[in-house]
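Visitor: Residue strings, one per chain:
Protein chains: 2
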Amino acid sequence: MKNLKGACIFAQSGGPTSVINASAAGVFIEALGQENITKVYGAAHGIKGILTENFYDMGQEDMKELELLKYTPSSALGSVRYKLKDASVDDTDYKRILEVFKKYDIRYFFYNGGNDSMDTCNKISKYMASSGYECNVIGVPKTIDNDLFGTDHCPGYGSAAKYVATTLMEVNLDAKVYDTGMVCIIEVMGRNAGWLTASAALAGTKGLGADLIYLPEVPFDMDKFVADVKDVCAKNNNKCIAVVSEGIKFADGKYVGEFKASATDLFGHAQLGGVCNVLAGVIKQATGIKVRGIEFSLMQRCAAHLASKTDIEETFRAGREAVKAAVSGETDKMVCYERKAGDKYEIEYKLLPLELAANTEKQVPKEWITANGTGLTEDFVKYALPLIQGDAKAPLEDGLPRFAQLKKVLATK
Amino acid sequence: MKNLKGACIFAQSGGPTSVINASAAGVFIEALGQENITKVYGAAHGIKGILTENFYDMGQEDMKELELLKYTPSSALGSVRYKLKDASVDDTDYKRILEVFKKYDIRYFFYNGGNDSMDTCNKISKYMASSGYECNVIGVPKTIDNDLFGTDHCPGYGSAAKYVATTLMEVNLDAKVYDTGMVCIIEVMGRNAGWLTASAALAGTKGLGADLIYLPEVPFDMDKFVADVKDVCAKNNNKCIAVVSEGIKFADGKYVGEFKASATDLFGHAQLGGVCNVLAGVIKQATGIKVRGIEFSLMQRCAAHLASKTDIEETFRAGREAVKAAVSGETDKMVCYERKAGDKYEIEYKLLPLELAANTEKQVPKEWITANGTGLTEDFVKYALPLIQGDAKAPLEDGLPRFAQLKKVLATK
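Here the protein sequences come in this chain order: Z and E. The numbering used here puts the first residue of the first sequence at 1, with every later residue one more than the last. The numbering used here puts the first residue of the second sequence at 1, with every later residue one more than the last.
These are computed hints drawn from the structure, not numbers from a lab. Certain hints may be false.
Pairs of lysine-lysine residues, derived as DSS-like cross-links and limited to a Cα-Cα distance of at most 25 angstroms, are as follows [as the list claims (entries may be wrong)]: (1) E:Lys176 with Z:Lys64; (2) Z:Lys350 with Z:Lys340; (3) Z:Lys176 with E:Lys340; (4) Z:Lys393 with E:Lys309; (5) E:Lys254 with Z:Lys290; (6) E:Lys407 with E:Lys39; (7) E:Lys95 with E:Lys5; (8) Z:Lys176 with E:Lys206; (9) Z:Lys5 with Z:Lys126; (10) Z:Lys206 with E:Lys64; (11) Z:Lys83 with E:Lys413; (12) E:Lys103 with E:Lys85; (13) E:Lys290 with Z:Lys254; (14) E:Lys290 with E:Lys39; (15) Z:Lys413 with Z:Lys5; (16) E:Lys176 with Z:Lys407; (17) Z:Lys290 with E:Lys126; (18) Z:Lys382 with Z:Lys408; (19) Z:Lys309 with E:Lys407; (20) Z:Lys324 with Z:Lys64; (21) Z:Lys64 with E:Lys324; (22) Z:Lys290 with E:Lys83; (23) Z:Lys393 with E:Lys176; (24) Z:Lys393 with E:Lys206; (25) E:Lys5 with E:Lys126; (26) Z:Lys126 with Z:Lys102; (27) Z:Lys235 with E:Lys83.
If you want a taste of the chain E side facing chain Z, the calculated C-beta under 7 angstroms gives, among others [said to hold, decoys possible]: (28) Val89; (29) Asn192; (30) Thr370.
No residue lacks a Cβ here, since even glycine has one placed at the ideal position from N, Cα and C.
Just chain Z, same shape as in the assembly (with noise of 0.2 angstroms):
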């Protein structure tokens, strides 16, 4: 544990969420503060800002926006889809970050990302360690699927899941306006894991949930599909409305949203717009209901005037738990979230060694999945329920949201 002084870079990375910026605000107002960072870098576009020399010099940004960013929805450096190959394979990336950090003097490097950053993350700091150039990197963590290992939850999820709960509630009101039959079929992000999804059990906490709820961890049976929503319409004056995962998939592993049906109907092939619409097209074949596919879209990632309070005031103490952390002569860590025991909501920030969390994803355990494969135990409920208490949103300007507004100064090369 080296207790290292000079220059600090964060980067954001993968897929945002309406509170990621959270976590950026986390990190540079808590770096600003520490005597042993020399100055605050804010990497454009990820890894890729450092590859090429982008980034932003952090104190020049006014305090006030820096503390918006916590109500800012996507990431505000810019984020990139970039997987580092392994050094042994290829080490000219690594060559050039190392050299970035020798030319600036970083000694910290924070990146905030899913599985594949965390893994990225991870082997930079192996180079760093191998190359004998000292730099303490830590992972902040942030997904709205919730799937990374290691942690209780994952900064994102539970804005995510509030959006979800909150947005069902919503529909399913709307839905069962008429007195005619109307099946809606809901599509939530969630590519391996369910746990977006899942959240749609919230919202039947106050009798305005799914009917249905599909999640990747069940593989998909079409026929048991239809026989499910004809078994709600039956009972309930053709009204259903069903929950489905983007990343359903038969039991040999194709995608749902992939499904083409026979060459003679209507729907014979890959829709755009995702799996809601492709359910839709076969349940509309299969009863003759109406029928309405709804995404979800980029919303419930980025809807930050519905975030959960709590969410973001862990997403925002993540990005100052790993600079303590980093400053303390940690590295090669990502912050996590510990529940502490006992009735009370309350977590613990520990650290987890980055290997453990690079590449395994969390997927929703069985037992929190109900017998018939289409619904949510009590547990998972107590889990979730406390993830998105309270609001907390940007103030407003003329109506709208008035979000951080960076002055993104480029650091001189």
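Starting from the known structure of chain Z, fit chain E onto it as the hints suggest.
Guide: Just chain E now, with coordinates in the frame of chain Z:
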């Protein structure tokens, strides 16, 4: 003008809005306090509830729940799409309505809806008058489409506009997060009038709007659209956000949503999922840039958590004014908003003869659309911005909205 004594009935019709129940709250709360109103009924599913004698005794409800209606989306009593025939063609329904009104001594009828509902209201009013049955009939406007004639704007529009503008700002930030190309095509409701689509221009005042806006008021040209998008992409690192109304039509009157491209392409079919996906397919093929179609779907009309406080207050007041007008002897009128002259936004509540409101659609004035047909002028912004001011929403319970819970006690037959 007759001052009548007897029961009143209120019914909701057509597509809901996120604040439609604020008018219900206004009508019920005002009516329950009026001496001349002996009973307050709420019809289940609009005019159908009257025809089938399915209505609720609103006097049985708790005042707290009636107040919560202000923040509860969708039509709490249930809605209907049912157009009465002309009485001269078939007066069966009218006879039945008269029979029901007589049976329950209903002397006040309030109908909450858009163009069609005002027409229904007008027909019933005329029939009652010609039958010599004294009943004061007042229409209460509502529509996110904002297309009712004779009122400055419509209850429900401000909240939907606030949803569109706020969500567009958030999606704008998300859609630009990577340094790779991305065209976003967002579909907004409004079959024949582009008011709601135009509200995208409000986000533009914050620099987070759409590059291109297409209203049904302007004939749509696919070649121009492709050229417009390419032009924005060329200037803007292959990034473009276009907002389109679901109701855009080609010069020949055909809906763009029903457009079929050539038989050889991937998109040679009417897509489920609306015009945004049709256009996404066209742009994908024409440019090769990543494209995402986003439908604001039901959310734009049911996102009560993002309602405009101004809209809620006006909509509630519209309900009260309807009752006051009827009790003071007015009939065959619709409540409408008149904007006062001057810089400060203020409205007055007026009454308009129902036959003027019925079946007339008000479109966005041509002079508020920019010369290139893809933007709105400053005059539109001045018109619309006051309508989205302020926040108000249901209290939270477990982090989720606590919507009104009505007992819905059926009136004794």
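Visitor: Run every hint past the structure and note whether it holds.
Guide: Status of each hint after checking the structure:
1. About 23 angstroms separates the Cα atoms of lysine 176 of chain E and lysine 64 of chain Z, which keeps this hinted pair within 25 angstroms; it holds.
2. Between lysine 350 of chain Z and lysine 340 of chain Z, the direct Cα distance comes to roughly 12 angstroms. Compliance with the 25 angstroms bound is thereby established for this hinted pair.
3. Distance restraint check for lysine 176 of chain Z and lysine 340 of chain E: the Cα-Cα separation of roughly 38 angstroms exceeds the 25 angstroms cut-off, and the hinted pair is therefore not satisfied.
4. The hinted pair formed by lysine 393 of chain Z and lysine 309 of chain E meets the criterion: a straight-line CA distance of about 16 angstroms does not exceed 25 angstroms.
5. The suggested pairing of lysine 254 of chain E with lysine 290 of chain Z holds, with an alpha-carbon distance near 23 angstroms, which does not exceed 25 angstroms.
6. Restraint check for lysine 407 of chain E and lysine 39 of chain E: satisfied, since their Cα atoms lie roughly 16 angstroms apart, inside the 25 angstroms limit.
7. Simply put, lysine 95 of chain E and lysine 5 of chain E have alpha-carbon atoms about 22 angstroms apart, close enough for the 25 angstroms limit, and the pair holds.
8. At most 25 angstroms may separate the alpha-carbon atoms for a hinted pair to count; lysine 176 of chain Z and lysine 206 of chain E exceed this at roughly 36 angstroms.
9. With a C-alpha separation of about 20 angstroms, the suggested pair lysine 5 of chain Z and lysine 126 of chain Z falls inside the 25 angstroms cut-off, and the hint holds.
10. For the hint linking lysine 206 of chain Z to lysine 64 of chain E, the alpha-carbon distance of about 18 angstroms falls within 25 angstroms, and the restraint holds.
11. Distance restraint check for lysine 83 of chain Z and lysine 413 of chain E: the Cα-Cα separation of roughly 70 angstroms exceeds the 25 angstroms cut-off, and the hinted pair is therefore not satisfied.
12. Taking the CA atoms of lysine 103 of chain E and lysine 85 of chain E, the gap is about 23 angstroms. The hint holds against a cut of 25 angstroms.
13. As the CA atoms of lysine 290 of chain E and lysine 254 of chain Z are separated by approximately 23 angstroms, the hinted pair is consistent with the 25 angstroms bound.
14. A threshold of 25 angstroms between alpha carbons decides the hint, and for lysine 290 of chain E with lysine 39 of chain E the separation of about 59 angstroms lies outside it, so the pair is violated.
15. The straight-line distance between the Cα atoms of lysine 413 of chain Z and lysine 5 of chain Z is roughly 20 angstroms, inside the 25 angstroms bound, and the hint therefore holds.
16. A threshold of 25 angstroms between alpha carbons decides the hint, and for lysine 176 of chain E with lysine 407 of chain Z the separation of about 17 angstroms falls inside it, so the pair holds.
17. Taken as a hint, the lysine 290 of chain Z and lysine 126 of chain E pair is broken in the structure, with Cα atoms around 35 angstroms apart against an allowance of 25 angstroms.
18. For the hint pairing lysine 382 of chain Z with lysine 408 of chain Z, the CA-to-CA distance comes to about 42 angstroms; that exceeds 25 angstroms, so the pair is violated.
19. Taking the CA atoms of lysine 309 of chain Z and lysine 407 of chain E, the gap is near 33 angstroms; set against the 25 angstroms cutoff, the hint is violated.
20. For a cut-off of 25 angstroms, the pair hint linking lysine 324 of chain Z to lysine 64 of chain Z stands: about 22 angstroms separates their Cα positions.
21. Of the supplied pair hints, the one linking lysine 64 of chain Z and lysine 324 of chain E is violated, its CA atoms being roughly 49 angstroms apart against a limit of 25 angstroms.
22. As the CA atoms of lysine 290 of chain Z and lysine 83 of chain E are separated by approximately 20 angstroms, the hinted pair is consistent with the 25 angstroms bound.
23. At most 25 angstroms may separate the alpha-carbon atoms for a hinted pair to count; lysine 393 of chain Z and lysine 176 of chain E meet this at roughly 21 angstroms.
24. In summary, the hint linking lysine 393 of chain Z to lysine 206 of chain E is supported, as the alpha carbons are separated by about 17 angstroms, within the 25 angstroms threshold.
25. For a cut-off of 25 angstroms, the pair hint linking lysine 5 of chain E to lysine 126 of chain E stands: about 20 angstroms separates their Cα positions.
26. About 16 angstroms separates the Cα atoms of lysine 126 of chain Z and lysine 102 of chain Z, which keeps this hinted pair within 25 angstroms; it holds.
27. For the proposed pair lysine 235 of chain Z and lysine 83 of chain E, the alpha carbon gap of about 29 angstroms is over 25 angstroms, so the pair is violated.
28. Interface restraint check: valine 89 of chain E against chain Z, minimum CB-CB distance 24 angstroms, threshold 7 angstroms, status violated.
29. A hinted interface residue such as asparagine 192 of chain E counts as satisfied when its beta carbon comes closer than 7 angstroms to some beta carbon of chain Z; here the least separation is about 21 angstroms, so the hint is violated.
30. The beta carbon of threonine 370 of chain E is not positioned within 7 angstroms of any beta carbon in chain Z (closest approach about 21 angstroms), and the interface hint is therefore violated.
Hint check: violations occur at hints 3, 8, 11, 14, 17, 18, 19, 21, 27, 28, 29 and 30; the rest are consistent with the structure.
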